[in-house]
Amino acid sequence: MSENKNVVPKVQRVIAILWPSFIISGIATILFFTAFDPNEIIGCVGGWDISRMGYYSIGFFLFWLLTSVNSALTCYFLKPCAANQKN
Amino acid sequence: MTEKQTQNVELTPVEEVYAKRKKIFPRQVTGMFATLRFSGVLILLGVYYFGPLIQWDNRQAILFDLPARKFYIFDWIFWPQDFIYLAALLIIAAIALFLVTALAGRVWCGYACPQTVWTEAFLWIERKVEGSRAKQIKLEKAGWSWDKFRLKFTKHFLWLALSFITGFVFVGWFTPINELMDRTISFELGPWEAFWIFFYGFATYGNAGWMREQVCLYMCPYARFQAAMFDKNTLVISYDEKRGEPRGSRKKGSDYVKDGKGACVDCSLCVQVCPTGIDIRDGLQYQCIGCAACVDVCNEVMDKMGYEPNLVSYTTENALSGKKESLFRPRVIVYVILLSAISVALFASIAQRIPLGVDVIRDRNSLYRETDEGMIENVYTLKIMNMDLNDHRYSLAVGGVEGLTVKKPKKGILVDAGTVLNYPIRVQVDPDKLKTSSTELTFYLNAIDNDKLSIEVDGRFLGPVYK
Numbered sequence: 856m857s858e859n860k861n862v863v864p865k866v867q868r869v870i871a872i873l874w875p876s877f878i879i880s881g882i883a884t885i886l887f888f889t890a891f892d893p894n895e896i897i898g899c900v901g902g903w904d905i906s907r908m909g910y911y912s913i914g915f916f917l918f919w920l921l922t923s924v925n926s927a928l929t930c931y932f933l934k935p936c937a938a939n940q941k942n
Numbered sequence: 003m004t005e006k007q008t009q010n011v012e013l014t015p016v017e018e019v020y021a022k023r024k025k026i027f028p029r030q031v032t033g034m035f036a037t038l039r040f041s042g043v044l045i046l047l048g049v050y051y052f053g054p055l056i057q058w059d060n061r062q063a064i065l066f067d068l069p070a071r072k073f074y075i076f077d078w079i080f081w082p083q084d085f086i087y088l089a090a091l092l093i094i095a096a097i098a099l100f101l102v103t104a105l106a107g108r109v110w111c112g113y114a115c116p117q118t119v120w121t122e123a124f125l126w127i128e129r130k131v132e133g134s135r136a137k138q139i140k141l142e143k144a145g146w147s148w149d150k151f152r153l154k155f156t157k158h159f160l161w162l163a164l165s166f167i168t169g170f171v172f173v174g175w176f177t178p179i180n181e182l183m184d185r186t187i188s189f190e191l192g193p194w195e196a197f198w199i200f201f202y203g204f205a206t207y208g209n210a211g212w213m214r215e216q217v218c219l220y221m222c223p224y225a226r227f228q229a230a231m232f233d234k235n236t237l238v239i240s241y242d243e244k245r246g247e248p249r250g251s252r253k254k255g256s257d258y259v260k261d262g263k264g265a266c267v268d269c270s271l272c273v274q275v276c277p278t279g280i281d282i283r284d285g286l287q288y289q290c291i292g293c294a295a296c297v298d299v300c301n302e303v304m305d306k307m308g309y310e311p312n313l314v315s316y317t318t319e320n321a322l323s324g325k326k327e328s329l330f331r332p333r334v335i336v337y338v339i340l341l342s343a344i345s346v347a348l349f350a351s352i353a354q355r356i357p358l359g360v361d362v363i364r365d366r367n368s369l370y371r372e373t374d375e376g377m378i379e380n381v382y383t384l385k386i387m388n389m390d391l392n393d394h395r396y397s398l399a400v401g402g403v404e405g406l407t408v409k410k411p412k413k414g415i416l417v418d419a420g421t422v423l424n425y426p427i428r429v430q431v432d433p434d435k436l437k438t439s440s441t442e443l444t445f446y447l448n449a450i451d452n453d454k455l456s457i458e459v460d461g462r463f464l465g466p467v468y469k
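In order, the protein sequence lines correspond to chains G and B.
This note's numbering numbers the first residue of the first sequence as 856 and each following residue consecutively.
This note's numbering numbers the first residue of the second sequence as 3 and each following residue consecutively.
It is worth saying that the hints were derived from the structure and are not from the lab.
Listed below are the simulated DSS-like cross-link pairs for lysine-lysine, each with C-alpha atoms no more than 27 angstroms apart in a straight line:
| id | chain 1 | residue 1 | chain 2 | residue 2 |
| --- | --- | --- | --- | --- |
| 1 | B | 25 | B | 150 |
| 2 | G | 865 | B | 24 |
| 3 | G | 865 | B | 25 |
| 4 | B | 454 | B | 72 |
| 5 | B | 24 | B | 154 |
| 6 | B | 25 | B | 154 |
Let the sequences and hints guide you as you build the complete structure.
Now the structure itself:
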């Protein structure tokens, strides 16, 4: 099986999930925090007492988590069903 | 081991981040394009490392101050409300990239991409520490010894040092760099600043030290679709197959045409200098980042052999096949028109930008209130943004309903430079003058000391209708 050239190495699959989601979460973070000031959101709904930089960073990683889940699900559903049944 | 002997050394492919990969040791190259790239790298790195140090009016000249949500570019201050300008700037950058690609191929990749620029810097360090390509390959194949350890340690130490300086300067573009420096020296960095310095530092070390061409081959989105922007008039690196083949070694001074050979002496130097490890003689490949290192090295060889230059050259497919070249193709014209239109619009609108903003926010708690005198009252909060570099007093006027009254300060509303003021106001209207339950009001705000600073915003006045 591992001799098959069409099999993508596991590392490459992991990066294929993490890297596009990294790019998209970067864009999402910029758009989101341009529209919303974390300090004003805290003023309305409450939150931890950390700096804006902190909220930007946490926001970025939350977006990254979401977009990674998205990419991972795409990867998962790309797997042919027949191959699934063999396992 | 001489260069000649090392050129065909096969290193065992190693499983790396992306794929099984033979480590590439690009040979140093000199020539016109190498000089161009080296100067480009120096200028770009200079802008990157020293840009944040430029001072302007006692502050950092260019500062994308994320913690304060303000972008300073010399005399301009941009607020999140000005996002449209950033969007326009990104569109301009994208179209400029398309235009350059259509005209001259992957010059971005070969000369200006950060991946190329930092890889060049890292290769420079590697050469200073480990020596020429031949020495690097020898060291790689040799077993572990004190010397090998010492050289590898020095190289990685220098790479990491440069990486963390890079990370530090990166954060310095987004938060005032002088204060960041003070906090770094006194070990008082905020957790997020420290995190991003290390994050960016490690990314630099990984990308420029380890991943290198793999970033271009596997990770770069542009590399995948740039072929769509090419046509037969695009400048690309090409090997003149008609002239070069059949390739083969020969004695210096022998008449190769008579021997039935082409101009290519098969010295394989074009392969050795290639940062992505391809053979340009196999034709244009998506791995080619257009750095023209092979052009430089081949011209050197051609010169030594006494042959005509440009066996490998920067040329177009049309020129190579003897067809007519054209510079102004429809796609080029469209890109130029789009580019000029958006650029003119952007600069005109920035030049006419009024550094004053007002949001009218209705009181959330009640729609309206009836006063003791029988007037209908609405309460608003004016969010006044003074985006100018000076403090200003603003006069306020409200219009839209006949005979409305508004309480306002006599001297105008003072808003400090670069701040937002929340200013509550009460507007009262005689209910007889209201024709509908929702009437449009206009709020006028005018700087007392500067007529040009004026703005009008609409708001709604709610009230009962007695019919």
